[in-house]
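Residue numbers (the working numbering), protein chains in the order written: chain A, -2 to 110; chain B, 13 to 130.
No lab work stands behind these hints, which were simulated from the structure alone. In this text, all values refer to a predicted model and were calculated from it rather than measured experimentally. Some clues are possibly wrong.
Below, in silico cross-link-like pairs of lysine-lysine (BS3-like), each with a Cα-Cα straight-line distance of 25 Å or less [said to hold, decoys possible]:
hint, chain 1, residue 1, chain 2, residue 2
1, A, Lys67, A, Lys102
2, A, Lys67, A, Lys105
3, B, Lys53, A, Lys109
4, A, Lys105, B, Lys53
5, A, Lys105, A, Lys66
6, B, Lys53, A, Lys23
7, A, Lys66, A, Lys23
8, A, Lys23, A, Lys105
9, A, Lys53, A, Lys67
10, A, Lys109, A, Lys67
11, A, Lys66, A, Lys53
12, A, Lys102, B, Lys53
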Amino acid sequence: SQQGEEDPQALSIQEGENATMNCSYKTSINNLQWYRQNSGRGLVHLILIRSNEREKHSGRLRVTLDTSKKSSSLLITASRAADTASYFCATVVYGGSQGNLIFGKGTKLSVKP
Amino acid sequence: GAVVSQHPSRVICKSGTSVKIECRSLDFQATTMFWYRQFPKQSLMLMATSNEGSKATYEQGVEKDKFLINHASLTLSTLTVTSAHPEDSSFYICSAARERAFANTEAFFGQGTRLTVV
Chain A
-2 SQQGEEDPQA LSIQEGENAT MNCSYKTSIN NLQWYRQNSG RGLVHLILIR
48 SNEREKHSGR LRVTLDTSKK SSSLLITASR AADTASYFCA TVVYGGSQGN
98 LIFGKGTKLS VKP
Chain B
13 GAVVSQHPSR VICKSGTSVK IECRSLDFQA TTMFWYRQFP KQSLMLMATS
63 NEGSKATYEQ GVEKDKFLIN HASLTLSTLT VTSAHPEDSS FYICSAARER
113 AFANTEAFFG QGTRLTVV
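This is chain A alone, in the form it adopts within the complex:
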């Protein structure tokens, strides 16, 4: 099952512009995580935001979390061609003491030089 829904599904921008991706989820969460995937590769963790946090920064990344709306956004500022990748949000779903990361459908970002 999938927990998160990202939008847009695809985003194409010019280098230097900002890219904003949104994620909505369905159940209560402990934290929400954003990952990046280059084509045909594994995922790389970008940032984790806890349910009691509203905003978090890491370099050119800014993540917001609105638990009342069950949504999060990832902003990449001053984008570079190397930022071209798919970006996924993931939430943790608990079953007993076990947590599982459930991924959204992802946003495919294309940054043109």
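Position chain B against the provided structure of chain A, taking the given hints into account.
Coordinates of chain B only, in the frame set by chain A:
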């Protein structure tokens, strides 16, 4: 960050044969490892969760007898696709976590394995 190594990165096999994919956590002990499947241009679908020394927990719709998971040590989990068919062709990705609850930590992913069954 921590390193998770997945092998092989690509494999082509004949229909009816079995394929084993290894996932190793190189610099930490992974109490839990996860196996995902990803179809082209789609998200990751969790197949199963394995905890060291115990049976894997499979997601609904995933055939236990077809996708055998072994987590014999804190650094190694294997996924064996048995009697592979062309519809099993996909991108398989493993991930490992230091703790079971993900309360404070992220997952670390292998590079993925592209399986093609001909």
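Open item on the list: Hinted pair, alpha-carbon criterion (25 Å max): Lys67 of chain A, Lys105 of chain A. Please report holds or violated.
Closed with: holds, 21 Å
Task: Distance restraint between Lys66 of chain A and Lys23 of chain A, which requires alpha-carbon spacing of 25 Å or less - done: holds, 10 Å
Task: Pair hint Lys105 of chain A and Lys53 of chain B, alpha-carbon separation not exceeding 25 Å - done: Judged against 25 Å, a Cα distance of about 9 Å means the pair holds.
Task: Holds or violated: Lys53 of chain A to Lys67 of chain A, with C-alpha atoms at most 25 Å apart - done: holds, 16 Å
Task: Given pair status - Lys53 of chain B, Lys102 of chain A, alpha carbons within 25 Å - done: holds, 9 Å
Open item on the list: Hinted pair, alpha-carbon criterion (25 Å max): Lys53 of chain B, Lys23 of chain A. Please report holds or violated.
Closed with: holds, 22 Å
Task: Agreement of Lys105 of chain A and Lys66 of chain A with the hint, judged by alpha carbon distance not exceeding 25 Å - done: holds, 23 Å
TODO: Take the C-alpha atoms of Lys53 of chain B and Lys109 of chain A, compute the straight-line distance between them, and say whether it is at most 25 Å.
DONE: Distance ~20 Å between Lys53 of chain B and Lys109 of chain A Cα, so the pair holds.
Task: Hinted pair Lys67 of chain A and Lys102 of chain A, Cα distance within 25 Å - done: holds, 16 Å
- [ ] Quickly compare the C-alpha distance for Lys23 of chain A and Lys105 of chain A to 25 Å and report which way the hint goes.
- [x] The hint holds at about 22 Å.
TODO: Measure nothing beyond the straight line between the CA atoms of Lys66 of chain A and Lys53 of chain A; if it is 25 Å or shorter, mark the hint as holding.
DONE: Holds: Lys66 of chain A and Lys53 of chain A sit about 17 Å apart, inside 25 Å.
Open item on the list: Please verify whether Lys109 of chain A and Lys67 of chain A have alpha carbons no more than 25 Å apart.
Closed with: violated, 31 Å
When held up to the earlier numbered hints, the structure conflicts with hint 10 and nothing else.
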